[in-house]
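Number of protein chains: 2
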Amino acid sequence: MIVDVSKKILIVGLGLLGGSYARALKRFGFHISAITKDQSSIDYAMGEKIIDEGSTELDERIIGDADLVIFALYPHIFVEWIEENQGLLKSGAIITDVTGVKGSIVYRIQDILRPDVEFVPAHPMAGREVSGVENSTDKIFAGANYIVTPTEKNTPEAIQTCMELGRLLGFSNVTTLSPEEHDEMIGFLSQLTHCIAITLMTCNEKEDMEKFTGDSFRDLTRIARINEMMWSELFVANKEALLEQMNLFMDKFAELKEMLEKEDVEGMKKMMRYSTERRALFDKK
Amino acid sequence: MIVDVSKKILIVGLGLLGGSYARALKRFGFHISAITKDQSSIDYAMGEKIIDEGSTELDERIIGDADLVIFALYPHIFVEWIEENQGLLKSGAIITDVTGVKGSIVYRIQDILRPDVEFVPAHPMAGREVSGVENSTDKIFAGANYIVTPTEKNTPEAIQTCMELGRLLGFSNVTTLSPEEHDEMIGFLSQLTHCIAITLMTCNEKEDMEKFTGDSFRDLTRIARINEMMWSELFVANKEALLEQMNLFMDKFAELKEMLEKEDVEGMKKMMRYSTERRALFDKK
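As they're listed, the protein sequences go chains H and Y.
Just so we're aligned, residue 1 is where the first sequence starts under our numbering, counting upward by one.
Just so we're aligned, residue 1 is where the second sequence starts under our numbering, counting upward by one.
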């Protein structure tokens, strides 16, 4: 199935990301339904005309009608949903997700899933510091990465469908990585940065520091305002890869500290030159 | 001396910061002179009409005329300048600086300085990622902190003069700290953040990471593009205070790592809630 507008799309979990998917996809005229826990989310999305129908229950008709199902749930809730409710899915349906970690989820879902339904894992690298369908917007996809993390169980057709979904949503870069490559990358670029931010924010409790705060400190701690339910779950779900990144960081930080102790100015300068050079690679293109 | 516009101001070191001082002060009609190493900096500043005269030499008349001298130099060059040239200063002159570390500089200068010249140390917490008088702008002072770090050798009048200078420059907050309080604060808010940024930027050399970089990683590494001459000198000049802050950070980071190893989700959530709560204090007011 390559995505065409006659297909019915179901979004399970109508929060910030699920809502933003609905908003982006509705522009193309797809039939979009939603299953989510709060009636108020459905009411809002119906009012905004970004879904056609929705339910807070496991509506068998809605689920059974869907050709493509997008799970925008916390990882453990996604796994539970599949364990308990996969019998309701249409034969031949493709399911995908938005989970920010892959290795610990992908194989588990594919192992338990019915053979006539295919799960193509994906990670849309987009978000906001606010939550809820009321804050949904399709603008978060522009300039962002959509990563499909297929396994050997996936068919080329379903992988193509999932990549096309990413393009329709408006992501600027749609690409594939193995689940393991993905988890290493996300451990470094996203999870390690959050670990650093929350550590910096809590390691010195001296009063009145905020009076002297400049942009550097604010930049490094912007993400220290963090959804503790989601991130603690993501950290544990990516434990091994994240611990490896934390170790790389600690070792390098200890090296810098030793150079300072020894007043090894040349060593520090060399590290700073390398840092300056590498940072240029990461500029927004 | 409370600053009035009949006073002559000399800026030694006409770079980004020295030039921005000249630009801001010229609005009030002060006579402003400059001594700096490159003729091109003087030519530029004369063309912009932000200085009245300047020299690349130790011009005895220019130096001897100045009521207020602002040293915008690297720390070790500032110390050398005073050691070698303080005989040229006018009796009764007040001198101040822009040095980003205090303890290791302030007492040293005050110890060797002539008794008829007073040094009031100050740290203007403003800057840009570019350098040179050509990039000077008085806009960098709005919203920023100007910190005077007097010692018991300073007179109330000279401290007032220096604080008034900060207000004239356009700083939003003008305040005093002891050199020691200043160095602890700057060790945490500024130097530790730079240590973290350059460590993060250099601890993982895996290729192609930049393709997946989002805003979090970019925010945490913006300051990883760093002037290695200046920062290596500032780190060493504030060695003890910075090492203390690095230790605080490492200990807390190790705590977080241990919680992840043990899958202590409640402990991680508690840390994240505290981080979220503390970060609110540091929002731009």
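Derived by calculation from the structure, the hints in this document are not laboratory data.
Check the hints yourself; a few may be wrong.
One copy or two, either will do: identical chains are not told apart, so a pair holds if it fits within one copy or between any two.
Said to hold, decoys possible - Derived lysine to any residue pairs resembling SDA-like cross-links, with alpha carbons at most 25 Å apart: (1) 257 with 243; (2) 211 with 164; (3) 270 with 231; (4) 262 with 55; (5) 270 with 159; (6) 8 with 222; (7) 270 with 84; (8) 153 with 281; (9) 239 with 252; (10) 211 with 252; (11) 252 with 216; (12) 90 with 67; (13) 269 with 214; (14) 239 with 64; (15) 37 with 282.
How the hints compare with the structure:
1. Taking identical chains as interchangeable, the C-alpha atoms of residue 257 and residue 243 lie at most 25 Å apart whether they share a chain (21 Å) or sit on different chains (7 Å).
2. Taking the closest pair of Cα atoms, residue 211 and residue 164 come within 25 Å of each other only across two copies (19 Å); inside a single copy the shortest separation is 49 Å, beyond that limit.
3. Taking the shortest Cα distances, residue 270 and residue 231 sit within 25 Å of each other only across copies (12 Å), while inside one copy they are farther apart (35 Å).
4. Taking CA atoms no more than 25 Å apart as the test, residue 262 paired with residue 55 passes in neither setting, with 65 Å inside one copy and 39 Å between copies.
5. Taking the shortest Cα distances, residue 270 and residue 159 never come within 25 Å of each other, neither inside one copy (44 Å) nor across copies (39 Å).
6. In this assembly of identical chains, the alpha carbons of residue 8 and residue 222 never lie at most 25 Å apart, being 38 Å within a copy and 43 Å across copies at closest.
7. Neither within a single protomer nor between protomers do residue 270 and residue 84 lie at most 25 Å apart by alpha-carbon distance, with minima of 56 Å and 31 Å respectively.
8. When the C-alpha separation of residue 153 and residue 281 is checked against a cutoff of 25 Å, the pair qualifies neither within a copy, at 35 Å, nor between copies, at 49 Å.
9. Taking CA atoms no more than 25 Å apart as the test, residue 239 paired with residue 252 passes in both settings, with 20 Å inside one copy and 18 Å between copies.
10. Taking the shortest Cα distances, residue 211 and residue 252 sit within 25 Å of each other only across copies (23 Å), while inside one copy they are farther apart (31 Å).
11. For the identical chains of this complex, residue 252 and residue 216 are neighbours both inside a copy (20 Å) and across copies (20 Å), given an alpha-carbon limit of 25 Å.
12. In this assembly of identical chains, residue 90 and residue 67 lie within 25 Å of each other by CA distance solely inside one copy; the values are 7 Å within and 85 Å between copies.
13. In this homomeric assembly, residue 269 and residue 214 come within 25 Å of each other (Cα to Cα) only inside a single copy, at 24 Å, whereas the closest approach across copies is 27 Å.
14. For a Cα distance limit of 25 Å, the shortest separation of residue 239 from residue 64 qualifies neither inside one copy, at 35 Å, nor across copies, at 66 Å.
15. Proximity of residue 37 and residue 282 under a CA criterion of 25 Å is satisfied in neither setting, with 39 Å inside one chain copy and 34 Å between copies.
Violated hints, in rising order: 4, 5, 6, 7, 8, 14 and 15; the structure is consistent with all others.
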